[in-house]
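Number of protein chains: 2
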Amino acid sequence: MIANATAAEVRTACRLGEHTGPTPDLASGFVQANLVVLPKDWAYDFLLFCQRNPKPCPLLEVCEVGSPHPQLCATNADLRTDLPQYCLWEQGVCSGEVTDITAHWRDDLVCFLIGCSFTFETALQLAGYPVRHIQETKNVPMYRTNRQCQSAGRFAGPLVVSMRPYRQAVVSDVARITAQYPLAHGAPLHWGTPGVLGIDDITTPDYGDAVVVDHDEVPVFWACGVTPQAALLQAKPPFAITHKPGHMFLTDWQDRDLLCETATVGTNAAGT
Amino acid sequence: MIANATAAEVRTACRLGEHTGPTPDLASGFVQANLVVLPKDWAYDFLLFCQRNPKPCPLLEVCEVGSPHPQLCATNADLRTDLPQYCLWEQGVCSGEVTDITAHWRDDLVCFLIGCSFTFETALQLAGYPVRHIQETKNVPMYRTNRQCQSAGRFAGPLVVSMRPYRQAVVSDVARITAQYPLAHGAPLHWGTPGVLGIDDITTPDYGDAVVVDHDEVPVFWACGVTPQAALLQAKPPFAITHKPGHMFLTDWQDRDLLCETATVGTNAAGT
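Residue numbers (our numbering), protein chains in the order written: chain Y, 1 to 272; chain S, 1 to 272.
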């Protein structure tokens, strides 16, 4: 499985059990997505949670009740088989990891696909701003903050952020680039002072791995797609399924398809 | 009631029955919102309809089930009394207009507040681009198009667009300005050829009033907040309430609060 595979090729490899590993380096340029699967009677609350918290939970697509087939972001995909690995959740606790959820599928399940920071990381690298955890071959460091999400029905919980260090001089440009991708968490929420977010020690992330922050760099924090998993933990639905962290769904959309209108409107001279 | 009233003052005047007219000229600079009220068992479908059609249905806020009180966009507001006029809907037909819905309130109702083009019209005027229907003291012309919205459960229907004419030379600037307000319908969907949208005769809008399009101007089309009302017409829920067209809810948010991140990220030098 190589970087220049297409998204459809990665999905097929997952379906056949040929690929069960992480996806960050795969199908470069294609949009990757977080997956949350919930029973219908929890779907309204979660949909509203995403509406109220679009920075950590930017919805790419919500499937029909009982359908594992996206209609918009991928063709001929099956969310039961096309991710490398899944987490099964019972009462808010991850009770197991599997490579196929067909045996766990139910007619009342709703699939939510949520944007992912890989999209803006690609854009940053293409703009000449390397991403530290990629350089160090690690998972991105993530932190639970002292900021609470807007609650929605049974869903509530802390905002989780990811961190990438940059020199102060380039932070505004880094922020400008990622702001162009609101469906991939958009602009940073904060930079400079971890304590503002209730983060006491930048070297001990709550999820992922610590990375080096050089003396001339500031930590830059973005809303993170792990936030809905923190909300699951707190809401304790009887049953849920998510992707295994780092093992995402590959959509057929290209990263450029997620560019916001202010980044694209000038390029549309034809008027359609 | 004057243009430099605050949103709270307009809401109070509506509550006291002192103002029952249209709102376009009121509380200049404050964000106005479309209102859709539905029973809870229709709320998931409608929320998903908005998620799938963010251009015509940009959600500003969804209230708790049974609550007429927004938590985010207005303080001490009551959506049962604080709009000038409402339409009552039965089986998809507007069955009456009232100035207060307290008598029609039920514990299972959910209020949806949806962004409105008044926000970008203010921005266009401030940038030196007059808005034709405002110059002519008319309602904006609106057209049902040949494009279907993405359906969601029981909700489906045509995309409705509004039209404002501009000279070709300034259309790209007009588009750039409105693109900065994705929660107020954002960039135009099309300009130039009405037939592309299935509009045969620009002089006979389906809603609102016709306006003059000068020989050196092109019609510019934006997604329109009447789209959800067209979907209501088609879905025929047993009961619903909306604002009366042009008689909007005044939020406490300022138009600048709706600016997208790409328009604001450079102004945030402090990092918070």
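Note that these hints are calculated values from the structure, not bench results.
A few of these clues could be false.
Since copy identity is lost for identical chains, a pair holds within one copy or between any two.
When the alpha-carbon atoms are kept at most 30 angstroms apart in a straight line, the in silico DSSO-like pairs for lysine-lysine are as follows [said to hold, decoys possible]:
1) Lys40 to Lys55
2) Lys236 to Lys40
3) Lys138 to Lys40
4) Lys236 to Lys55
Predicted model, so just to flag it, every value in this text is computed and none were measured.
What label fits Lys236 with Lys40 when the C-alpha limit is 30 angstroms: within, between, both, or neither? both (15 angstroms within a copy, 23 angstroms between copies)
Up to 30 angstroms CA-CA - Lys55 versus Lys40, copy category: The answer is both: 24 angstroms in one copy and 26 angstroms across copies each meet 30 angstroms.
Measure nothing new, just compare the shortest in-copy and cross-copy C-alpha distances for Lys138 and Lys40 to 30 angstroms and report within, between, both or neither. neither (36 angstroms within a copy, 45 angstroms between copies)
Cα distance capped at 30 angstroms. Does Lys236 pair with Lys55 within a copy, between copies, both, or neither? This pair counts as within: shortest intra-copy Cα distance 22 angstroms, inter-copy 34 angstroms.
The earlier numbered hint that this structure contradicts is number 3, and it is the only one.
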